[in-house]
Structures are given as structure tokens and as C-alpha cells.
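J.: Using the sequences and the hints given, assemble the complete structure.
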Amino acid sequence: MQDLSTLKIQSKDPWKDPKANGWDVIDGRQELSDRTLEADVVIVGSGAGGGVSAEILSQKGLKVILVEAARLKSSDEFNLNEAEAYHDLYQEGGMRATKDGTMSIMQGRAVGGTTVVNWTSSFRTPVQTLDFWRDQFGVEGMDEAAMAPWFAQMEKRLKVMKWVAHNSNNQIMQDACQSLGWQSDVIPRNVSGCWNLGYCGMGCPTNAKQSMLVTTIPAAMDAGATLLHSAQADTLIIEGDKVTGVRIKTLDNNKIATGATLTLKAATVIVSGGSIQSPALLLRSQVPDPHERVGKRTFTHPTSFAFGIFDKEIAPYYGAPQSIYCDEFSHQDGIAGKAGYKMEMMALHPGMVGAFVAGFGQQAWDEISQLPNMGGAIAMIRDGFHEQSQGGAVELRDNGEPVIDYPINEYVLEGTRRAHLSMVEMFFAAGAKKVRPSHSQADYYTSWKDAQARLSKLAYVPVATGIGCAHVMGGLAMGSDESQCVVNSDGSYKHLDGLYVMDGSVFPTSVGANPQLSIYGVSARNATLLADKLKA
Amino acid sequence: MAVEMHRRDFLKTGLFGGALLATGSSLALLSGCSSNDGPAEGYLHLRQQDVELLLPLTGVVLAQALEKSGASAETALKAYDKVLNGAMPGTRATMFQLFDLMQLGAARWYITGSWASFADQDQATLTQTLQAWFTLDRTLSRMAWKGLVQPLMFAWFAQPEAGLTTGYPGPPQRVIS
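Line by line, the protein sequences give chains A and B.
Position one of the first sequence corresponds to residue 1 (the working numbering), numbered consecutively onward.
Position one of the second sequence corresponds to residue 537 (the working numbering), numbered consecutively onward.
Keep in mind that the hints were calculated from the coordinates and are not lab data.
Remember, it's a predicted structure, so these values are computed and weren't measured experimentally.
Ideal placement from N, C-alpha and C gives every residue a C-beta, glycine not left out.
All the pointers check out, no bait thrown in.
Here are the simulated DSSO-like cross-link-like pairs (lysine-lysine), alpha carbons at most 27 Å apart as the crow flies:
#, chain 1, residue 1, chain 2, residue 2
1, B, K618, A, K255
2, A, K265, A, K63
3, B, K618, A, K73
4, A, K433, B, K604
From the structure, some residues in chain B lie toward chain A, with a derived Cβ separation under 7 Å:
#, residue
5, V597
6, M624
7, G683
8, G699
9, T702
T.: Written as C-alpha cells, this is what we have:
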């Protein structure tokens, strides 16, 4: 039996003593009175987009203030306690969901953003997606050849390489795809010296994951950037047709405003809060938006789940969470046809299984108590390509908090039914004894034939169908089509000067693959263009 | 804020659902079922009336798991309360409105399919109630189920000791230098 519970792990935390590194860190929790700070560039959000932009702009000699709502938490505090990790490192402590509760949203909230808790899968933007952006939205300068050097630069920077030591859970997918004749390949991961523990989703305890927390942000700090954490961007300061800064509310340990307002003045403001937070900041700031597109077409890769029980140990909680993928069904009906989905495996720790097993009582317990012999698979639908897939809309509550209204329609439910069938077939092909899709009314199926008959009778309605997501994209679409897009292809906002958007919210559709490398590549390109412009 | 949220939700949750959210909480308030005396003793957010409403459900959702750990439904509800602590105030407010609604027979029927108070239902009946609840294709049913049952399951099993009851051996040990 695999048991890592006695393994002792140790690593050096680069954030142990920021002052000794010569880093300028401002802790918002300690800021109790109003004051004003100035910089060349203020970046709101320290995830994939903000981290990359901070490094590039700082190294070009520009004074950067990097603002992050989350409290600084780093590897010495990553204690692998699932309850604490989700509470501290995810938006709304893991409670975030779409407005009607149908879709859980696993989105990071950390210095380093979601890169601190993602599962390290690093794919270049699929060429079909880049072509769709060019053809349908007028995105310029981002075809496959033009983006290749930017992806290559970020792959090198973040040590992206195909993984070799697959855990048993990922072996299931590799074996099944081989026997079914389905496409599959190895996932490239952004890790260096990975211990293959399996805790990417709780903050890497060994700093092997090349998240923004241990790569670009430290490099930006070395180059003179200031990190302001526990500090939430409230509104943009707009003077005439120009953005001149950001009003910041500092937050205490409970994410409650301390009462202090920091005014950050800069000729250039980059919004990198991620989809949901970035559109919300623009909505709160009442930016000019003649076609009312801010926050619209926000996408999530609606994700379904299936679980297989084997008569051997799988230990799905240990080892790199994702190292094999299957694109057999990603583009089966063309780029804009019925829902295509990418299949991968998922790390299963007890809380995660509890959340996604979709059920309760005896049935849920029977399943969860077989965790050591369980495999977990996910299927992520490409949303935003079909005309019936318009995604969600970010709205503001009356207190200014964002909420995303994403109606689960027939397009998603039909795709989810097929995705369940594919995952169930995959598990049986790999030798599972029992398989169950994440659907409250589903029982265990004991053979592929049995599954096909019974799954076809399930009602696919939103509450019964287990749907989650971990990739939020769009909401501030880039492109030249003004009726649909609010940002130019270089990241500049169309209707205000001095305002840039550099994160996944600029994507006009979902990516169709785990989005981190897409965000790194597009942000590296646009931050470099911006740095050259500012230094010209 | 709460009143304005009702108004905004009115059109978006459908006529009946919206009307319930708009008037139900006030009805609950008038009938004395809803009061905002702050959190119940030992809780960060859940109020005494929420604790009384949710404890019977918690016992059924996690029955076998609690038995295995020799734990009470109250321990699990406190874990859920901690998960709620991570949510934004507006998200918590929405959950409290739903809990207030579920104090009323008519609204409880609309949301869960059951008129009877949860406290008056035995384990078998509550199991049937939960099973009927997630077949209801209504916005409020969905919001209540996904905001309560799914996070409750997460909250329980994410705790280190509860996690070990699943056969999971636990995480490696951190050594801080």
C-alpha cells in the first residue's frame, strides 16, 4: 500500500525573510490609514498574467507595484491540510459557484494567483482556437507561428517538460486510450525537481511547481518591484479618457476592509485579476463600454467527473495529478459544432471526493470509503465556439462583489452526457470493476453494456448533474470587432487610455485546454510590447 | 443590501422563485422564524435557527461517515460553518435567505419537495426528502442543494481526521527549517 504519511519533506521558502532579500513588501493588514503611492505601472492581480507582466516590466527598468487581494502565504505555510488550503488559497474558500449554484468554481486566490494551486498542466493554445479568435473576433498577430516564440520563451522560463512518472490514476487513461485506439499523449508540466507527491492543488510544499510565487514575482522583486498584498482593488481612477491609478482597500485576516484606502498613482494600469475579478473591477469603475460587453462571454470549461473502482490500489491522492490527456473528443464535430471535451485525470483527496461524488448518505459513503482503489477522470467542455454557447455574464452584487451568472443549457448538458459515456467507457477499458458518473441519480455500473443502457435513462438536469470548473476565461474579450470586444490584441482597453488587461479574461472563447500557458504566452507578448512602448 | 438583492433576483429566478425570495424572508421574519441575533454559540456564522434547521439534514447526509468517526452532526455542521467563513458576505447572505425560506412550510415544499419540518422527519423520510430535492429542476432548489450538501460533504472529509476514515493514509510531513 502506498503511504507517504511518514515521508518528511523540506524545502527552502524564498519568502521566509523578504527584507533580507531586499524585497519591498507592503502588508495591507498593517495599513491603517490612507496614503498615496506612485509607480510607472500598477498591476492589479499577481496570477499568471500579473506575475509574467511584473517580471517583464520590472526588468525593463519600470517601477511596478503589484497588488494582490490575498494575504502572502508561501511554502512554509503549505501544510497539506485540505480544509485549510481551500479556505486560504481559493476564491471564497472553495465556496465560489455560479449564481444559481450549479457550477462550482475552483479559482485561486493567492500571491501567485491560481498558479499556486493549479495542477501544472501546460498546453500551448490549440491552433484551432487561435484561428477561431482571428477569424471570428479579429484577433491580430496571434496565429500559431506568431505565438510559438512566446510559448517557447515561457516554457523555458517555467521549465515546462513532458512528465515521465505517471501515477496509477493517469496510467488508467494511458492504458484505456491505447486499448480503445483513442488519441492520448503526455502532459507537459511546469515543475523543476518535482517530488511526485500529488499536492499541487494545496500549494506545492517543495516549491517544485514553477508558479508565479516562486518564479516571476521573486524576479520582479529582485528588479525593484513592490508587492502590496492583502489589498483589494476597489475602483480605477479615471480622469477624462485616461486611467491614472487605482483605489485600494486593504484587508484584514478575515478579508474584511481595514478602513484604509491606498491611492496608487500610475500612468499605466494593468488589470490582471483573472476572469470574474477583472471584469468586476471595470464594472465597479463604470468604465466607458458602449456595447455593454464588459463581463459578457465569460467561459469556464464546464467540467464533468466520473469515478472508477478497481480491484487494485490506485492511490489517486498521490503522484502528479495530471500527466496524460485525451483529445479524441475535443474537435470531433469541428471547432464550432456540438460540445467537444478534453479528458484528463483528477487528484482525489478526501474533501475533493466528498464535493464531487454527487450524492449523500450510504451511497456517497460506499463510494468514498473505497478511495484507495478509486480512479477519477474529468472532461472539460470547450465553451464559446458554438452559437448556443455564450458562456456567463459577470454581474455585481449591490455591495460590489462579483457573481457570475452562467445558465447551464442543453448544449452543456448534452455534452456532459457524452462526456460521461466516454469517461465510463475509458474506465471499463482499463479494467475498472464498477464505474459511476458524477450524477446524483446514477448508480454504479458493472459493465460498459450495463452503463450504456442505464446512463441513457438518466435525466440531465442541472442540479443532479455534477458540474464544476477550474478555468475561468473571457469577460473582457480582445479583438478588432468592437461590437464584441473591449480590448485590442495588444491588451489595451479600447475606450480608455492607460488601461491594459493582461490575464485570461482577454480570451474571446475558452481555450480548449488548461489555460495557464495560454495566459503566460499572451501576457509575455503584450507585456513586452507595452514595455517597449513605455521605454521608447 | 438584502432587500435590494431580492429585488434584483426577482426577474432572474423566475416568477415564483423570485416572489418567494422577495417575500419569503420577510414572512419568515414576521412569523418569528428568522431573526438576526448573530451566530449561534460555537459557530462563526450560522445562527441558532440555522443550526436547528440543518442539524437533522447533516445527520442524514453524513450518517455513515459520522458513525465511522464517532462524531456528531454538530461537529460536521461546525466544519460547514468554517467553509462558509471563506465565502464572500453576499454569498453567505444568499444562503441565509434560503435557510430563512426553508423555515416556512410552503417554501420548504417549493425548494425541497417536503412540507414537513426537517426536525419532524425520521431518518428514512429525510433520506427520501433529500432524494426528491435533487430531482427538482428549480433555481432555488439548486442553490440550496449546491450551497449546502456539496460544501457539507467537502467540509467533513477535508478535515484531516475525517479524511483518514476513507482509507487515505494522509499527507507527507512538513519539516520547517
